[in-house]
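S.K.: Produce the complete structure using the sequences and hints provided.
Below are the chains, spelled out letter by letter.
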Amino acid sequence: MAATTVPIPFEVYRFDPAKDKAPRYDRVTLDLAPHTPVLTALLKIRTNTDPSLTLRYSCRSAICGSCAMVINSKSRLACQTQVGAEFAKHGKIVVEPMRNQPVVRDLVVDQQPFWNNYRKIEPHLKLDPTQPMPVGKENPMTPAEVERFKETPRCIACAACYSACPAVEADPAFPGPMALAKLYRFVVDPRDKDTKNRLVRIQPDGLWLCLRCHLCTEACPKDVQPSERIRDLKELAIAAAGTSEAGSRHAVAFKENIGEAGVLNEFKLVRQTYGTMEMLKQVPQGMKIARKKPELIKKPHPIEGVEEVKAIYRALDTESEDR
Amino acid sequence: MRRHDVVVVGAGLAGQRAALAALEAKQDVAIVTKLHPLRSHSGAAQGGINAAIGKEDSVDTHIYDTVKGSDYLGDQDAIEFFCTEAGATVIEAEHFGTIFSRAPDGTLARRPFGGAAFPRTIYAADRTGLALLQGLYEQLGTASPTIYEEWDLTSVVVRDGRCQGIVAFDRRRGTFEEIAAKSVVLATGPAGRVYGRTTNAHTCTGDGIAAAYRAGAALKDMEFVQFHPTALLESSILITEGARGEGGILKNANGERFMVRYAPHVQDLASRDVVSRAIVTEVREGRGFPGSYVHLELMHLGKERIESRLQEICDFCRTFAGVDPVVEPIPIMPAQHYMMGGIGTNLRGETNVPGLFAAGEAACVSIHGANRLGGNSLLETLVFGKQAGIAAAKHAGTAPAPEVQQSDVDAEETRVGVMASRTVGEEPQHLRMAMQATMDLKVGVFRRPEELGEALTEIRALKARYDHVRIVDTSKSYNLNLTDALETGNMLDLAETIVAGAIARTESRGAHSRLDFPKRDDATWMRHTLASKGRDGPVLSYAPVAYTRWEPKERVY
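Just so you know, the protein sequences line up as chains A and B, in that order.
With my numbering applied, the first sequence corresponds to residues 5 to 327, in that order.
With my numbering applied, the second sequence corresponds to residues 2 to 558, in that order.
It is worth saying that the hints were derived from the structure and are not from the lab.
Don't take every hint at face value.
Claimed, not checked - Here are the simulated DSSO-like cross-link-like pairs (lysine-lysine), alpha carbons at most 27 Å apart as the crow flies:
hint, chain 1, residue 1, chain 2, residue 2
1, A, 130, B, 27
2, A, 154, B, 304
3, A, 124, B, 27
4, A, 48, B, 477
5, A, 25, A, 96
6, B, 443, B, 520
7, A, 48, B, 464
8, A, 285, A, 303
9, B, 443, A, 48
10, B, 477, A, 23
11, A, 314, A, 292
12, A, 302, A, 259
13, A, 25, B, 477
14, A, 292, A, 302
15, A, 141, B, 56
Said to hold, decoys possible - Computed Cβ-Cβ distance ranges for the label pairs, DEER-style:
hint, chain 1, residue 1, chain 2, residue 2, range
16, B, 477, A, 194, 46 to 54 Å
17, B, 175, A, 258, 46 to 54 Å
18, B, 465, A, 11, 32 to 40 Å
19, A, 290, B, 477, 56 to 64 Å
20, A, 194, B, 255, 48 to 56 Å
21, B, 422, A, 21, 23 to 31 Å
22, A, 309, B, 143, 48 to 56 Å
23, A, 94, B, 451, 48 to 56 Å
24, B, 422, A, 22, 18 to 26 Å
25, A, 281, B, 477, 30 to 38 Å
26, B, 422, A, 11, 32 to 40 Å
27, A, 305, B, 308, 48 to 56 Å
28, A, 194, B, 254, 46 to 54 Å
What the hints assert, rightly or not - Among the chain B residues that face chain A by a calculated CB cut under 10 Å, a handful are:
hint, residue
29, 91
30, 105
31, 110
32, 171
33, 172
34, 173
35, 203
36, 233
37, 476
38, 508
39, 546
Quick caveat: nothing in here was measured; it's all calculated off a predicted structure.
Note that the Cβ used here is the ideal one computed from N, Cα and C, for glycine as well.
M.R.: This is the structure:
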């Protein structure tokens, strides 16, 4: 069964803030079978050449969430990433600590910001005091209700999504993909009686700061699809709490706009998102745009296939009722 | 000085449940853990949690199956209590928020497991441990205990005949810290990493068991080590018994369903010790595949069932073995999986040291006896975690103020300081690997007296080399090399107790299978092994097994 090994060059981020002025990259080449996990390679470095390399790891089977790091620029689990494919694509394997969390030493980061965001969404069942749990019995839950959780119960809190998220980087107010996927898990739980409040609270608490770039879904080692669940949360939040935020008004206005003409009316979009007063404040900005691209502030004509767009909208509306 | 009523070491299911119970008893509770609670190895448990809640099933049948599974070494009073608590324990977990798999009528779904008369194993797909860990952690979060995270336990402080606290190493700051406590609960999990071929996480190094041993607690039945029949060939990653519960079958290189010969009635769902011995026998007698393994086949279950009920397993096989279980067999071999032995406790989690408690896999109550049934370990963490928490809180209510002295911390600093000051010495990881090679080769599924003797010599030689262990990393923060050294020392002590117990026990019972003594010997050996730390290694003594209603019978599946 022993597969043939190939020499694979590694560049491993090293930094001890207590001793080093700046980070460095240790270069080492290891002979490895292509299916060897990056974690195994790092442990080989610890055992054979440098026991001072430090990282978090435990289960080595993608279930404890300890060994998330940046490998060839992507946030992922070291135990789940095989060296062969990485080497084939990049010619080397560059290992760095996760992003959006300060480096403590080498590949170990301070996860406090990540856990604080998790705490903020109140990650526990909230009950209605007038409806206690059934005594000596489980709460009934049909397989269809279990399906509504989607893949969120698989989350191992590894923070790969948090590391990959540009909204987290741009705005510390954004709770991050994991916390929002966790919130979704409680929102769809039939046992939780705080659904509406959760959806009302999350709108000003950062829900609309998600840029829908899908990098979290791409990074997730357990296929939790945080991006898709954030989308679901946005829909549920509008349904439960209306368009209380600029973000939600923008989403609804965008949809209406396209539905009417098949093309955006920027003028209307800004007014619907921010209201007339706010829009007036943006007049100077609008003038600048008008000078450069006058077509943008003109009321656009409906596009040629607008009837088809409307047909798509009607079809989607029926579908969402089915869901 | 840091001071708490109750300190729980370990934040897996047993530790968290103990902490919750002590918090409910209005005690000041702190948790000390080397991993974030959600990273605990409890989360890796796949198959499920047993409770006889089915209409056709009964608590008595669960008790009987567990007694029989234990090969009559389990304490029957503890097993009766354990099985009686099962239903309420699972319901409580559901109320905590655990997302279980459900039957079409909305009740908790159940699957068949090895050694059980009825489908009794409640599950959450094939990630039941993770589901339970999430639910319990969410509850614990509402109670807000103090958590000392990424701290390594280095010693249990016993003075004036009672436990008074612990000394631990704070990885982040790189300092030894004292925590005084009226009660200490050790829920630090197993020492599976004494073996190289193990399903256990890298962090399962028996830190709490070793600290208890050094502090004077007796370890019980350490020679009983469970080998899980189905671990992936190279990585030893676990393939849940649920895979066979769902209908998976084992085949040898001749394409034969060999379990028919070893367990004619239940075949692939025989008890784990039986299946592991069968696989090793097949391979030894030349019916394994080249490279020494057999196949676990799931293909006949169909893509939809495999991918929904065994989702994580599919991922594991595809990622870690390059095998797609939907279309091809999975190459498997047994690997170390569980320690039936551990810190000896009664069913309240009390050890022989007043104020020191233990629960979960670190403890030995004993309910698993010589062989644990699948689905009983998750249940154990919750049932006895709670009991230990209750007992620890009660003890704290009456115990005098505890004290950890500066000399206790100094002793640990000196011990490690010497390792760090050496300019030549042994690399801890190399000692660890040598120990693992010895245990894999000589203290496995079948045990030969000459090999056990060699193993003891080798482990003792490694202990002598450990006296010259060296820490080369000079950084203070996250000095993993220092953690390696502490863990390796812990495991060498425990490996010695496993081998010593195995040499002394001249019979075959459950997971302990001596080729020179192939029969169970109830007249001599129906008793627990107790290992206490002596000057030159473990001192063994024996204690009776508690009986209630079940007379020993031959164990046939």
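S.K.: State for each hint whether it applies.
M.R.: Hint-by-hint comparison with the structure:
For a cut-off of 27 Å, the pair hint linking residue 130/A to residue 27/B stands: about 22 Å separates their Cα positions. For the proposed pair residue 154/A and residue 304/B, the alpha carbon gap of about 19 Å is at most 27 Å, so the pair holds. For the hint pairing residue 124/A with residue 27/B, the CA-to-CA distance comes to about 25 Å; that is within 27 Å, so the pair holds. Using a Cα cut-off of 27 Å, the hinted pair residue 48/A and residue 477/B holds, with the two alpha carbons roughly 22 Å apart.
Taking the CA atoms of residue 25/A and residue 96/A, the gap is near 26 Å; set against the 27 Å cutoff, the hint holds. Among the hinted pairs, residue 443/B with residue 520/B is consistent with the structure: their alpha-carbon atoms are about 20 Å apart, no more than 27 Å. Restraint check for residue 48/A and residue 464/B: satisfied, since their Cα atoms lie roughly 23 Å apart, inside the 27 Å limit. As the CA atoms of residue 285/A and residue 303/A are separated by approximately 20 Å, the hinted pair is consistent with the 27 Å bound.
Taking the CA atoms of residue 443/B and residue 48/A, the gap is about 25 Å. The hint holds against a cut of 27 Å. A threshold of 27 Å between alpha carbons decides the hint, and for residue 477/B with residue 23/A the separation of about 10 Å falls inside it, so the pair holds. Restraint check for residue 314/A and residue 292/A: not satisfied, since their Cα atoms lie roughly 33 Å apart, outside the 27 Å limit. At roughly 19 Å between alpha-carbon atoms, residue 302/A and residue 259/A fall within 27 Å of each other, so this suggested pair holds.
Annotation: proposed proximity of residue 25/A to residue 477/B holds, straight-line Cα distance about 16 Å (limit 27 Å). With a CA separation close to 14 Å, the supplied pair residue 292/A and residue 302/A stays within the 27 Å bound. Taking the CA atoms of residue 141/A and residue 56/B, the gap is near 14 Å; set against the 27 Å cutoff, the hint holds. Under the hint 46 to 54 Å, the C-beta atoms of residue 477/B and residue 194/A, about 49 Å apart, fit the expected range.
Look at residue 175/B against residue 258/A: about 53 Å separates their beta carbons, and that is inside 46 to 54 Å. Between residue 465/B and residue 11/A the C-beta distance comes to about 37 Å, which sits within the given range of 32 to 40 Å. Under the hint 56 to 64 Å, the C-beta atoms of residue 290/A and residue 477/B, about 57 Å apart, fit the expected range. At about 51 Å, the beta-carbon gap between residue 194/A and residue 255/B stays in the expected band of 48 to 56 Å.
For residue 422/B and residue 21/A, the Cβ-Cβ distance of about 24 Å falls inside the hinted range of 23 to 31 Å, so the restraint holds. Separation of residue 309/A from residue 143/B is about 54 Å and conforms to the stated range, judged on CB atoms against 48 to 56 Å. Checking the proposed 48 to 56 Å range against residue 94/A and residue 451/B shows it holds: the Cβ atoms sit about 51 Å from each other. A hinted range of 18 to 26 Å for the beta carbons of residue 422/B and residue 22/A is consistent with their spacing of about 19 Å.
At roughly 57 Å, the beta carbons of residue 281/A and residue 477/B sit outside the given window of 30 to 38 Å. Separated by about 37 Å at the C-beta atoms, residue 422/B and residue 11/A satisfy the suggested range of 32 to 40 Å. Distance hint for residue 305/A and residue 308/B: a CB-CB separation of about 49 Å, consistent with the stated range 48 to 56 Å. Taken as a hint, the range 46 to 54 Å holds for the pair residue 194/A and residue 254/B, whose Cβ atoms sit roughly 49 Å apart.
For residue 91/B, the interface hint holds, since its Cβ comes within 10 Å of a Cβ in chain A; the closest pair sits about 8 Å apart. A cut of 10 Å between beta carbons decides the hint on residue 105/B: the least distance to chain A is about 6 Å, and the hint holds. Below 10 Å, beta-carbon pairs count as interface contacts, and residue 110/B has one with chain A at about 8 Å; its hint therefore holds. For residue 171/B, the interface hint is violated, since its Cβ never comes within 10 Å of a Cβ in chain A; the closest pair sits about 13 Å apart.
Using the Cβ-Cβ criterion of 10 Å, the hint placing residue 172/B at the interface with chain A is satisfied: the shortest such distance is roughly 9 Å. For residue 173/B, the suggested interface contact is upheld, since its CB lies about 7 Å from the closest CB of chain A, less than 10 Å. The beta carbon of residue 203/B is positioned within 10 Å of a beta carbon in chain A (closest approach about 6 Å), and the interface hint is therefore held. This hint holds: residue 233/B has a C-beta 9 Å from the nearest C-beta of chain A, less than the 10 Å allowed.
For the restraint placing residue 476/B at the interface with chain A, the shortest Cβ-Cβ distance is roughly 5 Å, inside the 10 Å limit, so the hint holds. Evaluation of the residue 508/B hint against chain A yields a violated restraint, the C-beta minimum of about 35 Å exceeding 10 Å. Because the beta carbon of residue 546/B sits about 32 Å from the nearest beta carbon in chain A, more than 10 Å, this interface hint is broken.
Checked against the numbered hints listed earlier, the structure breaks hints 11, 25, 32, 38, 39; every other hint is satisfied.
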